[in-house]
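Participant: Those protein sequence lines, which keep their order, are chains A and B.
So in UniProt numbering, spot 231 of the first sequence is number 231, and the numbers just go up one at a time.
So in UniProt numbering, spot 120 of the second sequence is number 120, and the numbers just go up one at a time.
Source of the hints: derived by calculation from the structure; they are not laboratory data.
The beta carbon of each residue, even a glycine, is placed where N, CA and C say it ideally should be.
Errors might be hidden in some of the hints.
Partial list, computed: chain A residues near chain B (C-beta under 7 Å) [to be verified]: (1) His122; (2) Ala181; (3) Pro377; (4) Val430.
Protein chains: 2
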Amino acid sequence: MPLSPNSIGLFTGTVLLGSDIPARYRHDRSGHVPSGAPEALVSAANVDDVRHAVRLAADSGWSVVVRGAGSGLAGAAAAGAGALVLDVSGLDQILEIATSDELAVVQPGVSAAVLDTEAHRHGLRYTPDPASTAISTIGGNIATNAGGLRCVKYGVTGDSVLGLTVVLADGELLHTGRRTAKGVAGFDLTSLFVGSEGTLGVIVAATVRLQPVPVDTVTVAAYFADIEQAAAACAAVLTARVRPAMLELLDEASLREAQNLLGVRAEAAGAFVVAQTDGFGARAEADRIAETFGRVTARVRVGTDAEAAHELLAVRRAALPALERHGRVLIEDIAVPRSRIAEAARKITEIAARHDSRIYTFGHAGDGNLHPIIVVPTDDPDAHPRAVAAADEIFATALELGGTITGEHGIGVLKRDWLACELGPRALRVQLAVRRALDPNALFNPGKAV
Amino acid sequence: MPLSPNSIGLFTGTVLLGSDIPARYRHDRSGHVPSGAPEALVSAANVDDVRHAVRLAADSGWSVVVRGAGSGLAGAAAAGAGALVLDVSGLDQILEIATSDELAVVQPGVSAAVLDTEAHRHGLRYTPDPASTAISTIGGNIATNAGGLRCVKYGVTGDSVLGLTVVLADGELLHTGRRTAKGVAGFDLTSLFVGSEGTLGVIVAATVRLQPVPVDTVTVAAYFADIEQAAAACAAVLTARVRPAMLELLDEASLREAQNLLGVRAEAAGAFVVAQTDGFGARAEADRIAETFGRVTARVRVGTDAEAAHELLAVRRAALPALERHGRVLIEDIAVPRSRIAEAARKITEIAARHDSRIYTFGHAGDGNLHPIIVVPTDDPDAHPRAVAAADEIFATALELGGTITGEHGIGVLKRDWLACELGPRALRVQLAVRRALDPNALFNPGKAV
Ligand SMILES: Cc1cc2nc3c(=O)[nH]c(=O)nc-3n(C[C@H](O)[C@H](O)[C@H](O)COP(=O)(O)OP(=O)(O)OC[C@H]3O[C@@H](n4cnc5c(N)ncnc54)[C@H](O)[C@@H]3O)c2cc1C
Ligand SMILES: Cc1cc2nc3c(=O)[nH]c(=O)nc-3n(C[C@H](O)[C@H](O)[C@H](O)COP(=O)(O)OP(=O)(O)OC[C@H]3O[C@@H](n4cnc5c(N)ncnc54)[C@H](O)[C@@H]3O)c2cc1C
């Protein structure tokens, strides 16, 4: 359907149609590319553009695929035939930082990294810290309920969201939540939009919690004989009543690759753990961690300044880039009850052997959230189907161990079939009923998420 | 409609009809009594009883009023004509405590106090602590998203809920959430049921987070010249990057009454603040609080053991019982952005004068959550309408200051009209659409909450 000059004239931002739309708008960072190409791309310059775009899509019989930075790993922002891509990354203003109320009001295109930097000027910080913090938008982080390293103490993205402004399927604005720390007036619609992967509406503003910058931060790292020993040491830290702000685990294979990338002398070990503590008790907590680790390994390092922290964390940061050198990577994302971490990691190693695949596992031990990374060498045409079979077994294992098929990356298109396994038919029906209540004509991201 | 022996025979628990139902099932602790009396009372002995009761009500054209301990303050559990009261307080088993996963699975009739005591046996605790912890049920706490003293550090009840089992309007079971710390598979239905005041389904089991018992706890109390000085001192504590586990404020009038009840020498002061810190940094944080308070008042006390804590907290605990001696009390519950606490308290004093009412204000300063208590002397017949008018002005003030009409007690029947003011027509429509999606025939608590 050709757009009338009238409807184009409504927009302040740019509108591109058909083949003028750059190819990158078809996919996110999962690699999934849907069939067909989107019909229209609206790069919104303001909230009215968002409202017009939603109405335009409804009038044109198109669906709306909201897009932040396209860094998603589940194909949730992928857009094919029949879709209007609504790019909100240009709505990138921090509207307010209220220091004494410890909150900020932001547009969805702001990145968490920029918000955090700005908050620091006020002695505050924004705690959610996905590894993609600089290459994703806060709107996308909210729509996927992104996790990160600090969740074990500070919670996931949703735990920092107080309220939202959303453009609904009829183009109208909805305000959810509040500016107060607490409040119970009506159902918690804010949490419903958090993690909804663009299926319920377009987030055009968010009120988010900020927290004081901690007075002190200490980092502790240690090498262990094997994954069982490392997981047990992590459990012992929590039993010792320590609340680490970070508790990360690397298996033997990913540790080796990360050390190679960094060019550091490879310290052979069966597993690596890096923890961070912060706040007034940071040193006492770090001492307790070092002592706990020290009971099973002699190779414990403690860093009390930013430079040492940087060094001790380098291996964790290098893990993914190190693997990306070896081919395409499937970045998986399961969570299990914390007591099952070692079992999960061990089973993943077995799955890798069974499917002749290279799988490296690291992740957020404090939350039981593991990222098995399947490396798919580009020169082996059979590697991809083997990798997919291995991934399926990993999801099955997560469910068997009482866990979930996705700790933080979401369902998107890639895990739709598995969602039905995790939720069961009854819960899926209720999920769909809620979706229909908000988007009766299935305008937003049809075929994605639930 | 007379019940057939068949339907009665289905129940393991007791069923009472019409005039056999004790009068106390008509109301909760708000004092609100609806017109008419309930038709039936089912005291459920197991989950099947709950399912049968829901179906029985649907078949009989009755509504379902779920009841925990009836300690609510908004009339949400009040039951009048046409209602089947479904009392789930008898489902009071702790089903599991998983120490290394730091979680418990409980039935809804367990009290938070009992769960907390049991968790302590495992070195853990259940952090949500409404003042009614021993006289309410955890199901009711979840259904109202109850707050308490520790929210400022540990969050409200909902922040401790990982997953729920709910009986829906068709009598079927729905499982929401998970046992893992994180997870993003599908919409967050758990948060939708939290705070839903019995309008979406019957919570028959909950998986809740436990936390380690802190290694140390320190209490700091101080007397201030006036409410402005006290509120400023609370703000300064937070700016000093302290994360207190409790930060409570009493105004002059409630302080005086509490001291009278306790029979302690009344320390004249314009306001009283009591804070608690916990964890590895407890002492350092308490020192910082004492130092911060010490800049404006010489009357600061620090207590490092349980006995001292008990003594310093006694005044806060005595505030409500002290007021209940003077007549009926309307326990109000607003929240404002933290920076507006002093302004709110000051305006409440003005409202009291304007309406010739006695209003005492105390509450959770760390969350901006204030409880203005309106004492209605029983010997003054005009006092009640004046109190209601004053309450209305308090709600209006909360909204004017960017706050909410309820921080933790909920909407129930008493604040329905005010809910529309807070949410606006658009949000109310969306809320109702969600409610209809889950309960299309308005079986659960019709006319209550949203
Ligand atoms: C190197 C790398 C590291 C990563 N690390 C992490 C990590 O540590 N933790 C983690 O959780 N994820 C991680 N991710 C995944 C990804 O970055 C996150 O999911 C991120 O939140 C997506 O944000 P985005 O702006 O790129 O969203 P997009 O990919 O553009 O969109 C993601 C979903 O959100 C929806 N959406 C986007 N904006 C809005 C809006 N304003 N309103 C409504 N819906 C919207 C889209 O429709 C889509 O469904 C990583 C990705 C990469 C490439
Ligand atoms: C002295 C006193 C102090 C209080 N202090 C606090 C406080 O500090 N913080 C606070 O937040 N509140 C407080 N309250 C209010 C009240 O105790 C809480 O709202 C409590 O959570 C209610 O629990 P209950 O079991 O008594 O629920 P009820 O009063 O029986 O019911 C409350 C609501 O929850 C619903 N409900 C109950 N159980 C279920 C279930 N299993 N499934 C679905 N819906 C259900 C009911 O239908 C109703 O809508 C206080 C009350 C009193 C009397």
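Participant: Holds or violated: is there a CB of chain B closer than 7 Å to the CB of Val430 (chain A)?
Facilitator: Check passed: Cβ of Val430 (chain A) comes within 6 Å of chain B, closer than 7 Å.
Participant: Min Cβ distance, Ala181 (chain A) to chain B: is it shorter than 7 Å?
Facilitator: holds, 4 Å
Participant: Should the interface hint for His122 (chain A) be scored as holding, given a Cβ-Cβ cut-off of 7 Å against chain B?
Facilitator: Not OK, violated: His122 (chain A) not within 7 Å of chain B, min 10 Å.
Participant: With a cut-off of 7 Å, does the beta carbon of Pro377 (chain A) approach a beta carbon of chain B closely enough for the hint to hold?
Facilitator: Constraint on Pro377 (chain A) not satisfied, violated at 30 Å.
Hint violations for this structure: numbers 1, 3, all remaining hints satisfied.
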